[in-house]
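Just so you know, the protein sequences line up as chains A and B, in that order. Its first residue numbered 1, the first sequence is counted upward by one per residue in my numbering. Its first residue numbered 1001, the second sequence is counted upward by one per residue in my numbering.
No wet-lab data here; the hints were simulated from the structure. C-beta: ideal position from N, C-alpha, C; glycine also. All clues stand as given, with none of them false.
Computed far set for chain B versus chain A, every beta-carbon distance over 10 angstroms:
1. 1171
2. 1179
3. 1203
4. 1205
5. 1227
To give an idea of the interface, some chain B residues facing chain A are shown, with a C-beta separation under 8 angstroms as derived from the structure:
6. 1004
7. 1007
8. 1016
9. 1100
10. 1101
11. 1104
12. 1105
13. 1106
14. 1107
15. 1108
16. 1109
17. 1111
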Amino acid sequence: MKIEIHNLSKVIRKATILDQISLVMESGKIYGLQGRNGSGKTMLMRCICGLVYPTEGEIWIDEKKLNQDISFPQSIGALIENPGFIGSYSGFQNLKLLASINPTIDDAQIASSMERLGLIPDDRKKYRKYSLGMKQKLGIAATFMENPDLILLDEPFNALDEKSIAVVKDILLEKKKQGALILLSCHDHEDLEQICDEIFVIQDGKQIRTYSPLKESERSKTNEEGT
Amino acid sequence: MKQLIKLEIGRAFHGRMFYISILIGSILSLLQIVFHVIPASMKIDLYLTEMDSPRLYPGWLFSSWLGGNVFDIESFLFYLLLPILAVLPFGDSYFTDRKSGYLKNVYIRTKKKNYLTAKAAAAFLSGGAAVVIPLLLNLALAALFLPALKPESTAPYGSIAEESMWSGLYYSSPWAYVFAYLLIDFIFAGIFALIALGISQAADYRFIVILFPLFLYLFIYSIAKLLHAHAFAPADFLNSGFGSGNSFSIILGEGAALAGLGLVTFWIGGRQETY
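Chain A with its partners taken away, still in its complex shape (with noise of 0.2 angstroms):
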């Protein structure tokens, strides 16, 4: 998979949220967005899910243009901002709800995502019952239970235990090893640094760098060593 963003800009009621952005991703590598609160991550991610439509610019998908060729990318996962569930639905019930949709995995496969997460898939709570952290498990496993080409994750470790938060880095880096393209945005660097292969720092709108934490780390080290 690869995704292609060129000049995206996106103005709702005068105020300039994406200005001009700019990226290239290709699948088997994890990208980040870095940026502080209403830098506009959310809204890339918006567009990209072919939720939101921009003012300006285009976004292709496999040589597809989304919103002309295609209305959403074929293959995907994605949470953004909160968890979005039926609240007098079970968590298994929420998920296979979904997974009813288009088809693709049994009933086993589901249970497996929410045991990974550490979710049991027999238990009868509501999902509006469920504490903030589960929610936000629940939210990860709809993203990779269909094994999506394309996961995007709004803010993923968000209410999340430091376990859990392994647990999911854990998930994300095995998704990046059999071939998917992974986009996150954290508010924490250092998360982000861990385990993306680039990451866009996004501010007020502009994309104003980007680099490889992994590439950087070896450079400091290469200096360290130097001196």
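Based on the hints, put chain B in the right spot on chain A.
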């Protein structure tokens, strides 16, 4: 598309609110049986022994069941609450899907038009069913107690004027007349659920979505009464016992206008909304 319609219909017909709506309708239905149908059935022998007089025509099924009489308080309440009974099962589901963020999960898995079509179909069918099931229950129970006599135009009550809509059908094939009205009730209940979907695009609160169709229903009723245009009031023409003044073309036109209002608002709003 088919898969999504199946899923949404499953959600609608297995939801708690569908059963609550049926329960409310059924309670009114049973109360009408207990307080009106059963007492009427107890007087049948008295009437049958004095059949010579048309004034003593016994209470019969087609003029006494919930959807066929205009005198009982339960019937009045049922038709007053009809828009709410129709909206409760699934009419507010688009609003709750949007507010909870569930829509975002759906829109990365299917096209908007698929979801909107499935939602409209499920809301329409569940709204119609929630209204018609209690009516059918009442009709079946009333049939256990009262004779399904052919309506008699000279009877003191329960007769409809000759110029009324489908009066010929009423006097010749009352069962067909009753089921035709049940179909009209089903369709209008479904339309009220569609109107709730439409208002979901603009409403910020769930209670507005649930109550708006009722307000519209009462508004149309008030205007129709004010202008002496009774044939336009769904609160009247949905009850098969009214008959008088009903016009099929008005029912058809008003149904199409209300359905159009609900569907167009829902469709345009749904297509344009971003998340």
